[in-house]
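Okay, here's what each chain looks like letter by letter:
There are 2 protein chains.
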Amino acid sequence: MASLGHVTPQSMHFAEPLRLRSGAQLADYTLVYETYGTLNADKSNAVLVCHALNASHHVAGTYEGVPKSEGWWDNLVGPGKPLDTDRFFVIGINNPGSCFGSTGPMHANPATGKPYGADFPVVTVEDWVQAQALLLDRLGIRTLAAVMGGSLGGMQALSWSLQFPERVRHCIAIATAPNLSAQNIAFNEVARRAIVTDPDFHGGHYYEHGVVPKRGLRVARMIGHITYLSDDAMAEKFGRSLRAAELAYSTQEIEFQIESYLRYQGDKFSEYFDANTYLLITRALDYFDPARDHGGDLSRAMARARAKFLVVSFTTDWRFSPARSREIVKALLDNRRDVSYAEIDAPHGHDAFLLEDARYHAVVRAYYERIAREIEEGRDDE
Amino acid sequence: MASLGHVTPQSMHFAEPLRLRSGAQLADYTLVYETYGTLNADKSNAVLVCHALNASHHVAGTYEGVPKSEGWWDNLVGPGKPLDTDRFFVIGINNPGSCFGSTGPMHANPATGKPYGADFPVVTVEDWVQAQALLLDRLGIRTLAAVMGGSLGGMQALSWSLQFPERVRHCIAIATAPNLSAQNIAFNEVARRAIVTDPDFHGGHYYEHGVVPKRGLRVARMIGHITYLSDDAMAEKFGRSLRAAELAYSTQEIEFQIESYLRYQGDKFSEYFDANTYLLITRALDYFDPARDHGGDLSRAMARARAKFLVVSFTTDWRFSPARSREIVKALLDNRRDVSYAEIDAPHGHDAFLLEDARYHAVVRAYYERIAREIEEGRDDE
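Top to bottom, those sequences are chains A and B. FYI, the numbering for the first sequence is 730 to 1111, going by the numbering used here. FYI, the numbering for the second sequence is 730 to 1111, going by the numbering used here.
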């Protein structure tokens, strides 16, 4: 299927401070974003795609002259694809605190002139949604045909439906959860400890020391990868395959293919990802919990939502299992909301939301066709 | 129930080298062990209890003058307990490579006079079983009424039934697996990378630098703890409980109780456990795979076994799930071996094998009563 072709990121500067959940604020800041397709005359076909931990505003298409620069959801977003850019105007925004262009820990703190580092304020899912809404205001987009995201992106989609119920017609939440379990938090905490206790972390001010806590980032990423893949997918892909014909009997050399894979993933990640961003984003995951302000009652929390929902989960996802998606569905049904739910039998674990799976993509395609019909019908009414 | 009371470790020196699977050998070495109960006249009531990753020869009882010094399986082993020391002579042996008294990486390498460190030879489950057998030879014990272990200890029990089929009457393998899955190896590898990349590791020769790679050990232990507990047990015990009444909005301070628990476990472990031992023992886990020499066919591998078996698994154990125990049971049944299998519905995950659970202990008790009857009947025959 045709890709979007070359796309170009844009940036927008905000001089007004962003007031954060923590009580702190982000002085002035810049958001980097991309758009694909054309906003229609009545601005009714805008879809916001929210990114997860290590992704960005670069959702689809490629960068001219950069090989292998496909966006992270290029298989889902483009002309003729499930989210069809011939019909929808798609927006991807890099969240503040990230390390892909929007203001983050590696940028200068206006208060000191030095990089924020560990002084970058803690940001939450709600803060990101707030920032995204301000950018949409500037684009003149009042109402979203849909907000969509997977994993942490799905949390942002859910949060949109609660923070701005009147601005969201459809919320598509994929492979996500209404909050992290103790086990989810535990994995995040181990990853953070690996980073923070790396001597090259320097209390989060490593930029000034000309180093990067790569050891910690590698371990963090290796832990992450284990939770993204299903046990079965790992068994299928690597099993107990050895790298060499014979055992080397070594505690430090690579013996098994799975070790080689994890080390490679860790090394690659530590070359491009920022350690402070890793801390910030895992914390945003930990904090997300819309039921918290309602005594832990998700149904009461979701009562504010006005959107129609598509919730998708994957059978082998043990990071955010189908049971967690069903909690969201139940809370919506308790409020008599319009909700479609698909539990996709896929072997890939949490990673499935990024992969091309025929049944999964068919569900998303059908849902966007429904949205497109509603837009058409809405236009006919006028 | 009464405990064994005070127990005393003993040690035995071996001047003959231990030939290892890797082709290397351990020059001369010492094994530390404990025994409880009395060996009967025909030496038919001996039970060997094999230890897992961070345990030792100190299976039951306490050390005089040392508070909280109960052995790691004190709830299961003692007078009147499921493994009744009034009827059985129980032996616990610290495996070579461990850090609780038997020759290990912190002891002097006779070739250099300096601590072995990373030069301690790689040891396998089979090597440990070999060493245990040599110690039993010296105690004059030819045949074991039973060999029992949980987790990595269960692998040793299985290995006994294959290496010395004629010396084992009963094999009790609890919460174990016929080999590690790719996911199991992946967790081990992340833990090892955390240790090896700690700057205080010094290539495994940290003793000479007067430091310990505590950062890596902490992270390794935190990862381990996540895999020992079930998701449900963590949710039950910690959930999303906060340490303080209000969120601190910090990436590095403790917010959630689960973080506090994991950090505490990591800190405690890093105070007493040896990093080189951690590498060695996780590698022994990775390598264990009796089917490997039989083209991956576990049934063919288990054909050598002559013992009767009790296999026990726990429903919420996701480290070594019931499915892995069922593989062992199937391989035994394929060979028409006498095997009892209990799948205990317990909420605690892998840790369940160390905990006091009425149904689990009843199964083990009943099985030892059967063994005791067989010993009685054998004696009557003579």
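Since the hints were made in silico from the structure, they are not lab data. Hints are supplied without guarantee of correctness; some may be wrong.
Here's a subset of chain A near chain B, in silico, CB distances under 8 Å, partners left out [claimed, not checked]:
id: 1; residue: Met741
id: 2; residue: Glu745
id: 3; residue: His931
id: 4; residue: Arg947
id: 5; residue: Met951
id: 6; residue: Leu976
id: 7; residue: Glu988
Listed next, the stretches of chain B that the computed footprint assigns to chain A, with coverage defined by at least 3 CB atoms under 8 Å from CB atoms of chain A [claimed, not checked]:
id: 8; segment: 746–754
id: 9; segment: 959–972
id: 10; segment: 1033–1040
The model shown is predicted, which means the values in this text are computed figures rather than measured ones. Ideal Cβ placement from N, Cα and C applies to all residues, glycine included.
Evaluated hints:
Annotation: interface hint on methionine 741 of chain A violated; nearest CB of chain B at approximately 26 Å, more than 8 Å. Because the closest C-beta pair between glutamate 745 of chain A and chain B is about 21 Å apart, greater than 8 Å, the hint is violated. Taking 8 Å as the C-beta cut-off, the interface hint given for histidine 931 of chain A is violated, the closest approach to chain B being about 13 Å. The beta carbon of arginine 947 of chain A comes within 7 Å of a beta carbon in chain B, closer than 8 Å, and the hint placing it at the interface holds.
At its closest, the beta carbon of methionine 951 of chain A sits 4 Å from a beta carbon of chain B; the interface hint therefore holds under the 8 Å criterion. Annotation: interface hint on leucine 976 of chain A holds; nearest CB of chain B at approximately 7 Å, less than 8 Å. Hint status for glutamate 988 of chain A relative to chain B: holds, with the closest Cβ pair at about 5 Å, below 8 Å. Counting residues of the segment 746–754 of chain B whose beta carbon lies closer than 8 Å to any beta carbon of chain A gives 4, which reaches the threshold of three, so the coverage claim holds.
Residues of the segment 959–972 of chain B with a Cβ under 8 Å from some Cβ of chain A number 7, which satisfies the need for three, so the listed coverage holds. Figure legend: the segment 1033–1040 of chain B, annotated as covered by chain A; annotation inconsistent (0 residues with Cβ-Cβ distances under 8 Å, at least 3 required).
The structure fails to meet hints 1, 2, 3 and 10 from the earlier list, while all remaining hints are met.
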